[in-house]
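Turn these sequences into a full structure, and let the hints guide you.
There are 4 protein chains.
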Amino acid sequence: MANDIKKVVLAYSGGLDTSVILKWIALTYNCEVVTLTADLGQEEDLDGVDEKALATGATRAYVEDLREEFARDYIFPMMRANAIYEGRYLLGTSIARPLITKRLIEIAHEEGAQAVAHGATGKGNDQVRFELSAMALDPSIKVIAPWREWNFRSRTDLNNFAEQHGIPLPVAASRKLYSMDRNMLHCSFEGGELESPWLEPGPGSYIMAVPVEEAPDEAEYIELEFINGDPVALNGEKLSPAEMVKALNTVGGKHGVGRLDMVENRFVGMKSRGVYETPGGTILHVAHRDLEGICLDRDTMHLRDSMIPKYAECIYNGFWFAPEREAMQKLIDETQKNVSGTVRIKLYKGNVIPVGRKSPYSLYREDLATFEEDDVYDQADAAGFIKLQGLRLLGYKK
Amino acid sequence: MANDIKKVVLAYSGGLDTSVILKWIALTYNCEVVTLTADLGQEEDLDGVDEKALATGATRAYVEDLREEFARDYIFPMMRANAIYEGRYLLGTSIARPLITKRLIEIAHEEGAQAVAHGATGKGNDQVRFELSAMALDPSIKVIAPWREWNFRSRTDLNNFAEQHGIPLPVAASRKLYSMDRNMLHCSFEGGELESPWLEPGPGSYIMAVPVEEAPDEAEYIELEFINGDPVALNGEKLSPAEMVKALNTVGGKHGVGRLDMVENRFVGMKSRGVYETPGGTILHVAHRDLEGICLDRDTMHLRDSMIPKYAECIYNGFWFAPEREAMQKLIDETQKNVSGTVRIKLYKGNVIPVGRKSPYSLYREDLATFEEDDVYDQADAAGFIKLQGLRLLGYKK
Amino acid sequence: MANDIKKVVLAYSGGLDTSVILKWIALTYNCEVVTLTADLGQEEDLDGVDEKALATGATRAYVEDLREEFARDYIFPMMRANAIYEGRYLLGTSIARPLITKRLIEIAHEEGAQAVAHGATGKGNDQVRFELSAMALDPSIKVIAPWREWNFRSRTDLNNFAEQHGIPLPVAASRKLYSMDRNMLHCSFEGGELESPWLEPGPGSYIMAVPVEEAPDEAEYIELEFINGDPVALNGEKLSPAEMVKALNTVGGKHGVGRLDMVENRFVGMKSRGVYETPGGTILHVAHRDLEGICLDRDTMHLRDSMIPKYAECIYNGFWFAPEREAMQKLIDETQKNVSGTVRIKLYKGNVIPVGRKSPYSLYREDLATFEEDDVYDQADAAGFIKLQGLRLLGYKK
Amino acid sequence: MANDIKKVVLAYSGGLDTSVILKWIALTYNCEVVTLTADLGQEEDLDGVDEKALATGATRAYVEDLREEFARDYIFPMMRANAIYEGRYLLGTSIARPLITKRLIEIAHEEGAQAVAHGATGKGNDQVRFELSAMALDPSIKVIAPWREWNFRSRTDLNNFAEQHGIPLPVAASRKLYSMDRNMLHCSFEGGELESPWLEPGPGSYIMAVPVEEAPDEAEYIELEFINGDPVALNGEKLSPAEMVKALNTVGGKHGVGRLDMVENRFVGMKSRGVYETPGGTILHVAHRDLEGICLDRDTMHLRDSMIPKYAECIYNGFWFAPEREAMQKLIDETQKNVSGTVRIKLYKGNVIPVGRKSPYSLYREDLATFEEDDVYDQADAAGFIKLQGLRLLGYKK
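Protein chains in written order, with the UniProt record's numbering: chain U, 1 to 398; chain D, 1 to 398; chain L, 1 to 398; chain R, 1 to 398.
Treat the hints as calculated values from the structure; they're not laboratory data.
Possibly wrong hints are sitting among the right ones.
Each pair may be met inside one copy or between any two copies, as identical chains are not told apart.
[Stated by the list, open to error] Straight-line distance between alpha carbons at most 25 Å, and here's what the computed SDA-like set of lysine to any residue pairs gives:
1. 7 <-> 164
2. 23 <-> 150
3. 254 <-> 216
4. 102 <-> 137
5. 52 <-> 27
6. 337 <-> 137
7. 346 <-> 202
8. 176 <-> 49
9. 102 <-> 376
10. 23 <-> 44
11. 346 <-> 88
12. 358 <-> 198
13. 7 <-> 138
14. 346 <-> 198
15. 330 <-> 299
16. 176 <-> 367
17. 102 <-> 299
18. 254 <-> 353
19. 6 <-> 378
20. 358 <-> 260
21. 142 <-> 365
22. 6 <-> 23
23. 176 <-> 355
24. 238 <-> 253
25. 358 <-> 191
26. 142 <-> 122
27. 310 <-> 394
28. 142 <-> 368
29. 358 <-> 264
Written out as structure tokens, the structure reads:
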């Protein structure tokens, strides 16, 4: 197979691992390597990353700002669904992979490449997300997964390869305590002491949000406006999707919001423990669900709720570009057509507390909710309602 | 029908409303009224409530401590299921109704009564919960719902009836701002300014937990031990079910934990806004789910997760004694047989943060989670896994 | 309320019951009555039904052919979903009610009427379907349900009223053995000996299909072509939606297809036993599912399958015009975009046997299905696939 | 790894393929091979199969009658769940694999073997079912899958190997048109002209049931009695589980019952076309669901129905011994505690028509079902029921 591959498009971060991968592919496949470095809001300095790629052997280096597309076409649809994996995880890493893969495949088409490549290991979920996205988008493009292909047995082997090929190792001081993944929506931490689920995460596992103890002693109130399930304005100021996520990260991070420590179940079959920071996403999730409380009909909400685990699994497992995810999105987007309005949120030392919500489409009726008489609701109706609800229970217990 | 009823068992709190109901039933049905006042941990002084009932016309007044039964047979099974309604509400009011009804029916049998009665209004969910429970347990016992039957059009009418019949009205100072319901698991607040979903709940809506701002500036760590999904020890001390809920309320309330402000969908068809305090229950919920992270197999967890909305609806809608709830409980209890272990929780100003978990049944394997080589997991297997996972996607997009 | 109502639009069949209702409404509400008689393919002679309505007191009588709309906008969307209630019932009666109600409401708007009326009894599902449809479409229009309002205690009372008001009773010979409901999609039979679930349905319960014993001794093969989940041609001949249903009824009925005898659970809480004939609908259902076998991706099919019970309940329970049904329809229609192709069906004495299927969108690949080697599928991949699938099972059984 | 394996337990049919496998394993792994030939009701003569195994090189040959265990502990629990895959397939092949694997593992323990082996190919579902069952029961036992391991590229290679090693090839006359799998519950046919989904199955694809055209011209009525969801008597005669399945096969096969032709989705990712015969199982499935119509509460039935796709997937995909299947079984078995009674079935040329059902636990009430007045059901209650059902729809359509 190797000799059919003349050009490869590699997802390249500029770090040690993907630099080694760049070199390894070029040598192993004896082929051109084109790199893609995507700005997904990971807040790293991408200046010079193209020179670095070229210096390491790439024949062309794409550096692209995908932040608006990421927020608009990936994060927001997922947020409209209230997607949450295993009851807790907001899928911050998972949702970035399909977009990167989509660009890899597009560049492969433009460049006439036969393969794409990624730097995900053989034990994690990301390899699956990259490769399933690629298979869905164009199965004729091969996927190279060096972590599963090469015969390095340890990080020492990898470092040795780097030294042999003139790839600079990070200085000791900048070595990371954790395996991290960051984008606009979140930062994840794995490894280190986290591999023992009984140990508390250390102080190095904070990047996007302060520890709750260090958050301000004063609560802050924000107002978040939604249209059709998407946030459009913060405290009255219209913001683009990426601006919105960034602004919510800033205010959420300041108040220590959106931190999660959990053991989750990977698609590849084992459990793993991670710490996640999702400050802006957590505010969005809470505010969106709260607004739905007045805008969504009960049975529509319950139907959608029943779909959340499956929808979230699709994203977690790498099936973003799968027909079942797309079909569910149609249902979800239909439910959002009246989810427009404003939520008032109190932020305080890690808490995200909705304290008010309003909408031109509100289905809440003050007249119905009151304990006094009203015109619409005849309390006598409840008697018939209850009797017929209970009819099926008669005679059951024998 | 009225003249078939010679004795009624009434759920009696000792307050104005159920006192009026007691008198109204006795007069309207020309029958004996027996009262049941249940201690479900509502932290009200029940001394003298029996004299009050007898003075208002009851022929017998039961006052019973049901706290252990409530915690063990109602709260704990529900917590094993991670029951949560509309993604947020821990069902504190809902779960109390079946137990009260069960005792009403049992007393009706002992006393030879033909009916039971409750003080729930015609617009809420509680009437449904009382009446469906009664229909399921013994449909030959009638249910009297005075709020739907009498012709009082307002609270003034009710107060007038009370004065006519010598039932003392609460002094102005003790009049409640809100319609409240409290038991061991939670306290709910409705009415007042809460009827406008845009208004923030006032300071009077705190009973079980302090406002987060008033919680201690120091975090507190607790360790909660579970066996088969039920909490059995706190910080190493074995506690009975009711003691456990109470102890968790104390520590949770101190740290401002478990407050919720939401607009929910009632079973009777309208939306309503409530504020809920569930300090101990919130700690339990979070800790239980966290322990499941290491004890539950992935697909078992996802299956159970898919059942939570339906299970929670059963409780919310009053179908506790329904065969579908009982069937789901069998499934859920089966999943809990290995959910034993300890969770370490940090409490701080409203936050409930699991920071460690361990179990003799843990399915987490440190050797599998590491990034280094291991004996069980061959990274090459991932390639085959992904290829077959993606096979169904080939050829789809046309 | 009665005196607000000056004009009522009544769903009128021309039979005894709705004639009595027409007269009863006019007298009781002292109002105008406008009738709607809809041709939904019930194969009754509607000539003269307008004169009959006018003679009984109607001020205007609409007679409308709704067959194409019924097939295209109600039956076909439901068939795209493979809707089936309690595993067996194809919802033939249920699906007709929303369309009739829609026309009643439209005519009420045109005529300036304040209410619509139907002839469904107080024990069945149809009252719910009429009234929920009306509430969804325009809650300001009242619904009159004479069967729940009048004080006739028996059929004798009703007959007496008819005689008093000059409404002719059917002659004894034409009295029906069963309570029947018929439209283009099906005919239902209830009552008579069917009220005892142990008794076999009698020979009078056949209208649309012959008894299987009387069907031809020769099998007949048909080819049914679908586009986007809808049937468009039979044996190569393009047919309109209503023509299609009718043609399939003819061929299905000839071969004794589509008969069902079951005890079902009504929405109003009791069980009832019915016999249903759905000859064309049964062929459609079987052929559609068979075509999906080659056109639908596995996970999309399984997702859709998980939705069938809920979708069918919506229709059965009268929630056609409800937002959750509309949201599900979006999902379902998205799944159907590639469900185009042809199914070959063998009909023989009640059997509907798919024997061949083909599609330009077929996902079936002969090269993958064969036992010999192929290029796409590497059998070694299966080993990795299985190992990772089983990984989560390790260590569980203790 | 190979040299750790000193003894292997092989699932052995006595046919060409497993004889080649026996020899291949002994040579390749240089180990002892013990064979297990299980009688699961496949109606093959197993006399002499042990001699054949020993002659081909086995050191010990187990031949076991597992029919009662198969019917009682595998087929019946699955039938209690109404398990059906993709709406049509009754899982006849799938359900046999866990039992065979369980015996392989048990014998491996008794014999001190290090591995078990099966003859399933690398493209099908059976390899997954064997191997996942083995992983769940004892992951320390290796699984050998020769079809994925050897380097035969075609059936010719395999035949050559057989000839080299003195394994007799079937004479031309007995060569099968199809790849078949048979047990007590069903027979499956794949391959041959079936690989083209448009071609009608040929006359060779009938073993357990006659073609419908050849079935008797007279209908036959049977009565099937169930206790707790399991069939216990046929026409009044008590039968053991295996006798029951066999007797139903006989009568069903005579009437051409239970044949299915479908394209299904394999777990390993591709579509395949099969023909299945399940005469007795089809009768059981239809009769069981019909009895549930009077014995199961509505919401319990709908809950269980929502679980069928997932439960059936578990069996199809090989997760019989998985905790999620076992948890679902608890729920299902709880629903069956009142599913006792008798169903009367008419069999005629492929049709299985329930015509009567009765049960001491019947929830059907003739008094409620009638159109006349009754004591339990007040028609006026329906008005309140409908109004509250529709309340949530008000105000939605904007």
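Checked hints:
Only within a single protomer do residue 7 and residue 164 lie at most 25 Å apart by alpha-carbon distance; the minimum there is 23 Å, versus 47 Å between protomers. In this homomeric assembly, residue 23 and residue 150 come within 25 Å of each other (Cα to Cα) only inside a single copy, at 12 Å, whereas the closest approach across copies is 36 Å. For the homomeric pair residue 254 and residue 216, the shortest alpha-carbon distances inside one copy (8 Å) and between copies (20 Å) are both at most 25 Å. Only within a single protomer do residue 102 and residue 137 lie at most 25 Å apart by alpha-carbon distance; the minimum there is 7 Å, versus 41 Å between protomers.
When the C-alpha separation of residue 52 and residue 27 is checked against a cutoff of 25 Å, the pair qualifies only within one copy, where the shortest distance is 17 Å, while the shortest distance between copies is 55 Å. In this assembly of identical chains, residue 337 and residue 137 lie within 25 Å of each other by CA distance solely across copies; the values are 18 Å between and 29 Å within a copy. Taking CA atoms no more than 25 Å apart as the test, residue 346 paired with residue 202 passes between copies only; the shortest distance there is 14 Å, against 27 Å inside one copy. Only within a single protomer do residue 176 and residue 49 lie at most 25 Å apart by alpha-carbon distance; the minimum there is 19 Å, versus 64 Å between protomers.
In this homomeric assembly, residue 102 and residue 376 come within 25 Å of each other (Cα to Cα) only across copies, at 22 Å, whereas the closest approach inside a single copy is 52 Å. With identical chains, the CA atoms of residue 23 and residue 44 are at most 25 Å apart within one copy only, with a shortest distance of 22 Å there and 61 Å across copies. For the homomeric pair residue 346 and residue 88, the shortest alpha-carbon distances inside one copy (21 Å) and between copies (17 Å) are both at most 25 Å. Proximity of residue 358 and residue 198 under a CA criterion of 25 Å is satisfied inter-copy only: 6 Å between copies versus 43 Å inside one chain copy.
For a Cα distance limit of 25 Å, the shortest separation of residue 7 from residue 138 inside one copy, 16 Å, qualifies, whereas the shortest one across copies, 46 Å, does not. For the homomeric pair residue 346 and residue 198, the shortest alpha-carbon distance between copies (13 Å) is at most 25 Å, but the shortest distance inside one copy (32 Å) is not. In this assembly of identical chains, residue 330 and residue 299 lie within 25 Å of each other by CA distance both inside one copy and across copies; the values are 17 Å within and 16 Å between. In this assembly of identical chains, the alpha carbons of residue 176 and residue 367 lie at most 25 Å apart only when taken from different copies (21 Å versus 58 Å within one copy).
Within a single copy, residue 102 and residue 299 get their C-alpha atoms only as close as 36 Å, which misses the 25 Å cut-off; across copies the closest is 22 Å, which meets it. Taking CA atoms no more than 25 Å apart as the test, residue 254 paired with residue 353 passes in both settings, with 15 Å inside one copy and 18 Å between copies. Taking the shortest alpha-carbon separations for residue 6 and residue 378, only the inter-copy value of 23 Å comes in at or below 25 Å, while the best intra-copy value is 76 Å. When the C-alpha separation of residue 358 and residue 260 is checked against a cutoff of 25 Å, the pair qualifies only between copies, where the shortest distance is 17 Å, while the shortest distance within a copy is 29 Å.
Only between protomers do residue 142 and residue 365 lie at most 25 Å apart by alpha-carbon distance; the minimum there is 20 Å, versus 57 Å within a single protomer. Taking the shortest alpha-carbon separations for residue 6 and residue 23, only the intra-copy value of 14 Å comes in at or below 25 Å, while the best inter-copy value is 45 Å. Taking CA atoms no more than 25 Å apart as the test, residue 176 paired with residue 355 passes between copies only; the shortest distance there is 21 Å, against 39 Å inside one copy. In the homo-oligomer, the alpha carbons of residue 238 and residue 253 lie at most 25 Å apart inside one protomer (20 Å), although the nearest pairing across protomers, at 39 Å, exceeds that limit.
Only between protomers do residue 358 and residue 191 lie at most 25 Å apart by alpha-carbon distance; the minimum there is 17 Å, versus 43 Å within a single protomer. Within a single copy, residue 142 and residue 122 get their C-alpha atoms as close as 17 Å, and across copies as close as 22 Å, so both meet the 25 Å cut-off. Taking the shortest alpha-carbon separations for residue 310 and residue 394, only the inter-copy value of 21 Å comes in at or below 25 Å, while the best intra-copy value is 35 Å. In this assembly of identical chains, residue 142 and residue 368 lie within 25 Å of each other by CA distance solely across copies; the values are 19 Å between and 60 Å within a copy.
For the homomeric pair residue 358 and residue 264, the shortest alpha-carbon distance between copies (14 Å) is at most 25 Å, but the shortest distance inside one copy (36 Å) is not.
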